[in-house]
Amino acid sequence: MMGSLRRIGAVAGNTFLEAVRQKVFAVLLVFGLVLIYGANYFTEFSFQEQFKFLKDLGYAAISLTGLLVGLLGATQLIPGEIERRTILTALCRPLRRWEFIVGKYLGLSILLSVMIGVMAVAVAGVLGWKEAQLIAREGSDPAVAALIRAEARDPRLIQAVVLLEVKLAVVAAIAVFFSTVATSTTFVMAMTLMVYLIGHLQSVAREQWLESGEVASWAAKFFLAGVAFLVPDFNLYNLIDEIVAGNAVSWRSTLEVVGYSGVYIAVLLTAASVVFEGRDI
Amino acid sequence: MGWFRGRVLALEGLDMEVHRGEVFGLLGPNGSGKSTAMKMILGLLRPTRGRAEVCGYRAGTIAARRQIGFLPENPYFPNFLSGAELVRYYGRLSGMGGRVLEKRIQELLEMVRLGGEAGKRPLRTYSKGMLQRAGLAGAMVGDPEILMLDEPTAGVDPAGSREIRDLILELRQRGKTVIFSSHLLEQVEDVADRVIILHRGQKLREGRLDDLLTRKKEWEVNVQGLKEEDRKELRGWLEKRGVQVVREGAPRERLEDYFLRSLPEEKRR
Amino acid sequence: MTQSQRKATYGFTGPTAVAIREKLGQGLALAALGGFRGLAANALMLQAHGAWEEQQWVRVRSSLELATLLQPRVAVFWDTASWHLAWNAAVAAERYSGEPSETRRRLEARRWVEAGRSLLERGTKAVPERALLFQRLGDLYWQRLEDYQAAADCYRQAIAKGDAPSYLERFVGYALDKAGDKRGALAYFRELRAQMGTPPNPERRPEVVDREILKLEKELAGQASAKKK
Chain V
1 MMGSLRRIGA
11 VAGNTFLEAV
21 RQKVFAVLLV
31 FGLVLIYGAN
41 YFTEFSFQEQ
51 FKFLKDLGYA
61 AISLTGLLVG
71 LLGATQLIPG
81 EIERRTILTA
91 LCRPLRRWEF
101 IVGKYLGLSI
111 LLSVMIGVMA
121 VAVAGVLGWK
131 EAQLIAREGS
141 DPAVAALIRA
151 EARDPRLIQA
161 VVLLEVKLAV
171 VAAIAVFFST
181 VATSTTFVMA
191 MTLMVYLIGH
201 LQSVAREQWL
211 ESGEVASWAA
221 KFFLAGVAFL
231 VPDFNLYNLI
241 DEIVAGNAVS
251 WRSTLEVVGY
261 SGVYIAVLLT
271 AASVVFEGRD
281 I
Chain R
1001 MGWFRGRVLA
1011 LEGLDMEVHR
1021 GEVFGLLGPN
1031 GSGKSTAMKM
1041 ILGLLRPTRG
1051 RAEVCGYRAG
1061 TIAARRQIGF
1071 LPENPYFPNF
1081 LSGAELVRYY
1091 GRLSGMGGRV
1101 LEKRIQELLE
1111 MVRLGGEAGK
1121 RPLRTYSKGM
1131 LQRAGLAGAM
1141 VGDPEILMLD
1151 EPTAGVDPAG
1161 SREIRDLILE
1171 LRQRGKTVIF
1181 SSHLLEQVED
1191 VADRVIILHR
1201 GQKLREGRLD
1211 DLLTRKKEWE
1221 VNVQGLKEED
1231 RKELRGWLEK
1241 RGVQVVREGA
1251 PRERLEDYFL
1261 RSLPEEKRR
Chain Z
2001 MTQSQRKATY
2011 GFTGPTAVAI
2021 REKLGQGLAL
2031 AALGGFRGLA
2041 ANALMLQAHG
2051 AWEEQQWVRV
2061 RSSLELATLL
2071 QPRVAVFWDT
2081 ASWHLAWNAA
2091 VAAERYSGEP
2101 SETRRRLEAR
2111 RWVEAGRSLL
2121 ERGTKAVPER
2131 ALLFQRLGDL
2141 YWQRLEDYQA
2151 AADCYRQAIA
2161 KGDAPSYLER
2171 FVGYALDKAG
2181 DKRGALAYFR
2191 ELRAQMGTPP
2201 NPERRPEVVD
2211 REILKLEKEL
2221 AGQASAKKK
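In order, the protein sequence lines correspond to chains V, R and Z. This note's numbering puts the first residue of the first sequence at 1, with every later residue one more than the last. This note's numbering puts the first residue of the second sequence at 1001, with every later residue one more than the last. This note's numbering puts the first residue of the third sequence at 2001, with every later residue one more than the last.
If you're looking for bench data, these hints aren't it; they were derived computationally from the structure. Honestly, I wouldn't trust all of these hints.
Claimed, not checked - Some but not every residue of chain V turned toward chain R, in silico, with C-beta under 7 Å:
1) Arg7
2) Asn14
3) Arg85
4) Leu88
5) Cys92
6) Asp280
Here a beta-carbon is modelled for each residue, glycine too, at the ideal position from N, C-alpha and C.
Given only the sequences and the hints, what does the whole structure look like? Please build it.
Dropping the structure here:
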């Protein structure tokens, strides 16, 4: 058991180190600039709208950056290593294949977590800056000032960050799964993006086909049920939108989504390990 | 092969045995199946039929892989690591850690002459020979019984090749078994005890080098100081006794030896 | 919310993927369907803002309705949308120099106010747990439709949510007063004052409530004596 953990830790640490030394974090600079630009963009709107725009922008930027890093990172994990042939010297060690997969995924997840954490702190910083700006401009009425502060320092934003992290962790797991099946990095990215889109669309499709009152064919129902089973429902993460809208979201709902995501990640990694076990290198 | 590509028979009917403590050479031109054989022993490829065992364990199992240290052909290492970090990574993958691992890293780097500052530089600054030596250190970190080297001197200059060959001989001295493949035949000749010759996936020959290469019907004597007129007499003496002179003349030195002799002392290393 | 729930609530079905793609154009549709609904909705609000500056009221309305469709749970969208329709567009219609008939101008303005009202009604169903939209609906009834009884009802509903500003509780009484229901207003203020307890929370301005009670008592007494005469 300890041996397993040590080996997984070695793979994870190496994956993380590679990303750091390849200056992946430089992308955060772009992110920071986007945020700062956005912070000054909507100043003619009400302060609630300004905060909403800023939070949406911040979380969308985190999402997009995380998606990019997660996708590119995952394609490097296995197809990239096979192309560069660095995988041979790792897999010939007394290292089980599933340990390699889990370690690679863990390294990528830790990288994503660190990046998301840094970006979330940046968002909080910009919100604080906005708070100061708005209080200087409109905060003479203490009631208004209190509302502005409440928008900027909403503790539910932590839940939003947790949901974002977990969503990106699922995307990374999907990419890892495809990277054990495919040989081409382009294929991995394309398939992962497709599943991502389907994951968002499936609830819309389900509503359209199953509940709009139209008569859906047996085949359509079966197909949609299959999709619902295989593809995670990314609309669950719209709790983030609820938080940004200022509506109450319980920790319980958040943790349920975290649990759901955990199950998907476990299934995906298991499937990836099974596929990789039988793969000739 | 991939999903939609045709299948290729890379190896057929290979029957091979390597004894403990010997240096075993896998010979053959490109595409003969040397790398395939090595990968099957390592469990990176699975044979469609047949069986391989390593020190009594089925090939590809964790126990079998513990016995082997592998250096692939033209290896690409994670070039963001330094030499020492590479060996540390492979050590951890082999289940080692702590001070034991650190000590082993220093020993190995000294052995392959990458100790000190050289070991701290990133791998992307290494020459080909240095990369091979770093890879060798990585392969040996778990103190395996068997070293498998796929084309270890490919792309390395003669001085570097000689170093690698010296290392192989040293490993044999220490009781290790070395299996290596090469298509540079003179280099194999220097170190191997036994060889197998493959061609298009099939075994052509196998045996001890001495047995395979010795022209048993011939005898070679190198002399110095034999005058021109005495040469004739010697030839005559031999022919009288029914001995056929197959070849005569001044022996040629190997180009590699000549090359190395020509370099200044410090460049030979 | 499922399609059928949306139909039951708003009286229309929500956006399908096809509808979104048609109405939003490719870029926004991709963003909306790809999980960046917030950004797409914000872009629509920006569009509405731009259209407002150019006084293009039809575009204002369509952008706002689409934004609220994409993100029905954002109260501030409904709030802004109703403001643009029931206030800005309506006032612009009233003052529109291109229409000589005052009656027609007033009718047009009224149409915009009704559009704002119906939008806000939908908003209160989409975000039923917060006071904001009920309060805004009350403001709309008061300021744009002069239906003070309805305003009072809306303010009551807002207060029941628990997150209404404290001054709103007095506005119920003011609305009742303005609607002509002085007895109702008095009863309300007395009940309110009694609820404040001893000592009352100064933020609830008990002195203002006391003043209103006195004023209403005087007015009702004056009315009663006028009747006797």
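Outcome of the hint check:
Interface hint at Arg7(V): satisfied, since its Cβ lies 6 Å from the closest Cβ of chain R, which is below the 7 Å cut-off. For the restraint placing Asn14(V) at the interface with chain R, the shortest Cβ-Cβ distance is roughly 5 Å, inside the 7 Å limit, so the hint holds. Evaluation of the Arg85(V) hint against chain R yields a held restraint, the C-beta minimum of about 5 Å falling below 7 Å. With its C-beta approaching chain R no nearer than about 5 Å, Leu88(V) sits inside the 7 Å limit, and its interface hint holds.
This hint holds: Cys92(V) has a C-beta 4 Å from the nearest C-beta of chain R, less than the 7 Å allowed. Nearest Cβ of chain R to the Cβ of Asp280(V): about 5 Å, under the 7 Å cut. The hint holds.
Checked against the numbered hints above, the structure breaks none of them.
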